[in-house]
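Chemist: Each chain, written out:
Number of protein chains: 2
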Amino acid sequence: MSETYLQQLGQRAKEASFALANLTAADKRELLQAIADSLQSASNDILAANAKDVTAAKAAGLDAAMIDRLLLDNKRLAAVIADIGNVIALADPIGREFDSRLLDNGIRLCRRTVPLGVIGVIYEARPNVTVDIAVLALKTGNAVILRGGKETVNSNLALAQAIRAGIAKFGLPADAVQLIDDPDRALVTGLLKLDQYVDMIVPRGGSKLQRLCAEQATIPVILGGIGICHLYLDKAADLSRSTSVIVNAKVQRPTVCNALDTLLVHEAIAEHYLPQLAATLSAEGVSLVGCETTRQLLPAYDVRSASDATYRTEWLSLTLGIKVVADLDEAIAHIRQYSSGHSEAILTNDITTATRFMNEVNSAAVYLNASTRFTDGGQFGLGAEVAVSTQKLHARGPMGLEALTTYKWLAVGDYTSRS
Amino acid sequence: MSETYLQQLGQRAKEASFALANLTAADKRELLQAIADSLQSASNDILAANAKDVTAAKAAGLDAAMIDRLLLDNKRLAAVIADIGNVIALADPIGREFDSRLLDNGIRLCRRTVPLGVIGVIYEARPNVTVDIAVLALKTGNAVILRGGKETVNSNLALAQAIRAGIAKFGLPADAVQLIDDPDRALVTGLLKLDQYVDMIVPRGGSKLQRLCAEQATIPVILGGIGICHLYLDKAADLSRSTSVIVNAKVQRPTVCNALDTLLVHEAIAEHYLPQLAATLSAEGVSLVGCETTRQLLPAYDVRSASDATYRTEWLSLTLGIKVVADLDEAIAHIRQYSSGHSEAILTNDITTATRFMNEVNSAAVYLNASTRFTDGGQFGLGAEVAVSTQKLHARGPMGLEALTTYKWLAVGDYTSRS
Numbered sequence: 001m002s003e004t005y006l007q008q009l010g011q012r013a014k015e016a017s018f019a020l021a022n023l024t025a026a027d028k029r030e031l032l033q034a035i036a037d038s039l040q041s042a043s044n045d046i047l048a049a050n051a052k053d054v055t056a057a058k059a060a061g062l063d064a065a066m067i068d069r070l071l072l073d074n075k076r077l078a079a080v081i082a083d084i085g086n087v088i089a090l091a092d093p094i095g096r097e098f099d100s101r102l103l104d105n106g107i108r109l110c111r112r113t114v115p116l117g118v119i120g121v122i123y124e125a126r127p128n129v130t131v132d133i134a135v136l137a138l139k140t141g142n143a144v145i146l147r148g149g150k151e152t153v154n155s156n157l158a159l160a161q162a163i164r165a166g167i168a169k170f171g172l173p174a175d176a177v178q179l180i181d182d183p184d185r186a187l188v189t190g191l192l193k194l195d196q197y198v199d200m201i202v203p204r205g206g207s208k209l210q211r212l213c214a215e216q217a218t219i220p221v222i223l224g225g226i227g228i229c230h231l232y233l234d235k236a237a238d239l240s241r242s243t244s245v246i247v248n249a250k251v252q253r254p255t256v257c258n259a260l261d262t263l264l265v266h267e268a269i270a271e272h273y274l275p276q277l278a279a280t281l282s283a284e285g286v287s288l289v290g291c292e293t294t295r296q297l298l299p300a301y302d303v304r305s306a307s308d309a310t311y312r313t314e315w316l317s318l319t320l321g322i323k324v325v326a327d328l329d330e331a332i333a334h335i336r337q338y339s340s341g342h343s344e345a346i347l348t349n350d351i352t353t354a355t356r357f358m359n360e361v362n363s364a365a366v367y368l369n370a371s372t373r374f375t376d377g378g379q380f381g382l383g384a385e386v387a388v389s390t391q392k393l394h395a396r397g398p399m400g401l402e403a404l405t406t407y408k409w410l411a412v413g414d415y416t417s418r419s
Numbered sequence: 001m002s003e004t005y006l007q008q009l010g011q012r013a014k015e016a017s018f019a020l021a022n023l024t025a026a027d028k029r030e031l032l033q034a035i036a037d038s039l040q041s042a043s044n045d046i047l048a049a050n051a052k053d054v055t056a057a058k059a060a061g062l063d064a065a066m067i068d069r070l071l072l073d074n075k076r077l078a079a080v081i082a083d084i085g086n087v088i089a090l091a092d093p094i095g096r097e098f099d100s101r102l103l104d105n106g107i108r109l110c111r112r113t114v115p116l117g118v119i120g121v122i123y124e125a126r127p128n129v130t131v132d133i134a135v136l137a138l139k140t141g142n143a144v145i146l147r148g149g150k151e152t153v154n155s156n157l158a159l160a161q162a163i164r165a166g167i168a169k170f171g172l173p174a175d176a177v178q179l180i181d182d183p184d185r186a187l188v189t190g191l192l193k194l195d196q197y198v199d200m201i202v203p204r205g206g207s208k209l210q211r212l213c214a215e216q217a218t219i220p221v222i223l224g225g226i227g228i229c230h231l232y233l234d235k236a237a238d239l240s241r242s243t244s245v246i247v248n249a250k251v252q253r254p255t256v257c258n259a260l261d262t263l264l265v266h267e268a269i270a271e272h273y274l275p276q277l278a279a280t281l282s283a284e285g286v287s288l289v290g291c292e293t294t295r296q297l298l299p300a301y302d303v304r305s306a307s308d309a310t311y312r313t314e315w316l317s318l319t320l321g322i323k324v325v326a327d328l329d330e331a332i333a334h335i336r337q338y339s340s341g342h343s344e345a346i347l348t349n350d351i352t353t354a355t356r357f358m359n360e361v362n363s364a365a366v367y368l369n370a371s372t373r374f375t376d377g378g379q380f381g382l383g384a385e386v387a388v389s390t391q392k393l394h395a396r397g398p399m400g401l402e403a404l405t406t407y408k409w410l411a412v413g414d415y416t417s418r419s
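Each protein sequence line maps, in turn, to chains V and R.
Going by full-length UniProt numbering, 155 is the number at position 155 of the first sequence; the sequence numbering is gapless.
Going by full-length UniProt numbering, 367 is the number at position 367 of the second sequence; the sequence numbering is gapless.
Simulated from the structure, these hints should not be mistaken for lab results.
Errors might be hidden in some of the hints.
Which copy? The list can't say, so a pair holds if one copy fits it or any two copies do.
[Stated by the list, open to error] Under the rule of at most 27 angstroms between Cα atoms (straight-line distance), these lysine-lysine pairs were calculated in the DSS-like manner:
| id | residue 1 | residue 2 |
| --- | --- | --- |
| 1 | Lys208 | Lys193 |
| 2 | Lys150 | Lys58 |
| 3 | Lys208 | Lys408 |
Owing to the predicted nature of the structure, the values given are computational and were not obtained by experimental measurement.
Chain V on its own, in the form it takes in the complex (with noise of 0.2 angstroms):
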């Protein structure tokens, strides 16, 4: 049964994208006014089913943070609604032409951006998802499919009914979006497997859901959102305007991808400098493990033990690990052995150095001189985030409206045959 209901969403998707490839920009952005209208007069419905999902979480007893996550308000709904203004406001990217060339044989050929098709995503907790990724889909001409998480599934289901009342009064296919609110898990799997309909996975949670894409998919998944950032203070470093850059990657937002997990210390300067560091981190909060040089220099501060699985761990708390190194080759050995190539930092004076590692650390995203904080599609100035790739294919590091697109060649002739 699961797997007809599956081969009837992935159907119906594919059917809405060929309505969706071909609208002009202003179309999608009367589109996406539709829809943000239509969230605006559901708002009521939506807080309500919002309230069930929150008293249920309640309930199983999960933690404040947690309820917070999920919890959507009158300020944090207009909010997500206002976004949408901000998407429409993007300049849309499909439909333009590039690598244009006449070939020898008359030929003339070029490469047009088009949308991906049909996309699914898989996310956990926060419902503004549902809207973002539906709004962003659409904005790039692709249909899309959504997996929310169980303790969302009232809030998400409201929003999606908005969503497709919205894009039914514009006159496309309400499937353009759909939802799959049944928690059963092996609809999950089934979706991974949708290869005939689906053209993209883009899983938004941890690293089981990674793992679990990566090796059931049978079609192509950009996984993200793991990072196991690093951060090399070299010795040649402005140390008096260090500190804040450290506290900063570490303490601003420590729940997040881009925090910093692993710092790594010339040894030229640690016996200096990281009494002071470990001074101010403490009075943030922060809790040290650190390498047995870096416990010898901290006697004051209760500083674990780090272990290999130590550097392996992406914090998402005010955790940090600390490493005294030789040098820049031991820092560049540790990260490429545990990075998750998603962002990495070096604070130096020395051009050399500098040079070196910004050319040798292949993640995602590597600083000099600033916090890793920044990896971020809004700081990067790409208008929107779909998620935080950590691979290699097809997009890297924060994804704007791009990477929702491909393209196709045209080849225009006069009844051509190849000699």
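Got chain V sorted already, so can you dock chain R onto it with the hints?
Modeler: Quick look at chain R alone, frame taken from chain V:
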């Protein structure tokens, strides 16, 4: 044991990829020249190894076409080596910086093209692929793991040995190119799951290999090379010029992926045109499989009856499917249902019909008034062809050097924190 072998293979490839990543364009030209020289020196050994494969193939009763595919002689080997010169002459896509921007916080941000890292390529029969792929991978700074067909294992070993000797002579790790020569199929599935080390898998082979990769790989796979190609002959086509294009698409090289599989004919011209087309195709040795209307219009040509399975067949031979359609809508609907997303063409002089076809048919290559046979890296002016992708992420259609690259984001601040 095979797991340890694969882990070591992956580790060595990854290690070599670090040495390759920051070579200059001049370095890589010299590296490829060293490989060409090494292959030249080893010519006798390579031809002797190939003779063993040919003898074994004859003993195993392989057909003449297959034996011809795996045969190397002096002339063919010289051509393979000469092709390295063409790759040396191509522009190097690595190290280009683009999308540079100055953010409001003073960070200067850009993207830089970098190698993917380690590429795994699984291929069949023709030994020249061993050289082609190794050279294209190295040109773009990638390490490569090769897995050829068992019919050419001696040839591939001799070629890989010469390539590795050339790399070592240039002063880089020979493990930049590694060949899996053990015929154990578990090594293929193992390679597909080596995601810790391998960044991309390119299967160059038939639909069974493609499917295996889609289902088993935990590494991103570039599917491709399966072409169920359509040509729609519109009622407004110049019929006097159409026959040569149709014949070219079907007959010029029927065994390749961009050859024509199904001809769709507008019903208004079918009665007049199909008999004359059938006469020409028949003279070229083409046998026909058609819809009921086609069969009625061509009683003299022994047209077999087409089924759903017919239209899902990539013929790779002198067989052509023919279907008479009511209009453009039916042609587009047929293509959407049966195409593998490779190449489709329309012949028409009507600009409205042509525009709709180009907009609404979404395959890797869409042709107006030209043969489908042009879908090829060389024909498209890419200078090289890694494979022809029929999926939508990363690369679509003929893949040139660009498809072996990714980018990283580089950000330079002044001890900049996120506010």
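Chemist: Work down the list of hints and note, for each, if the structure agrees.
Modeler: Taking the hints in turn, this is what the structure says about them:
| no. | hint | in the structure |
| --- | --- | --- |
| 1 | Lys208 with Lys193 | both (18 angstroms within a copy, 17 angstroms between copies) |
| 2 | Lys150 with Lys58 | within (14 angstroms within a copy, 61 angstroms between copies) |
| 3 | Lys208 with Lys408 | between (34 angstroms within a copy, 25 angstroms between copies) |
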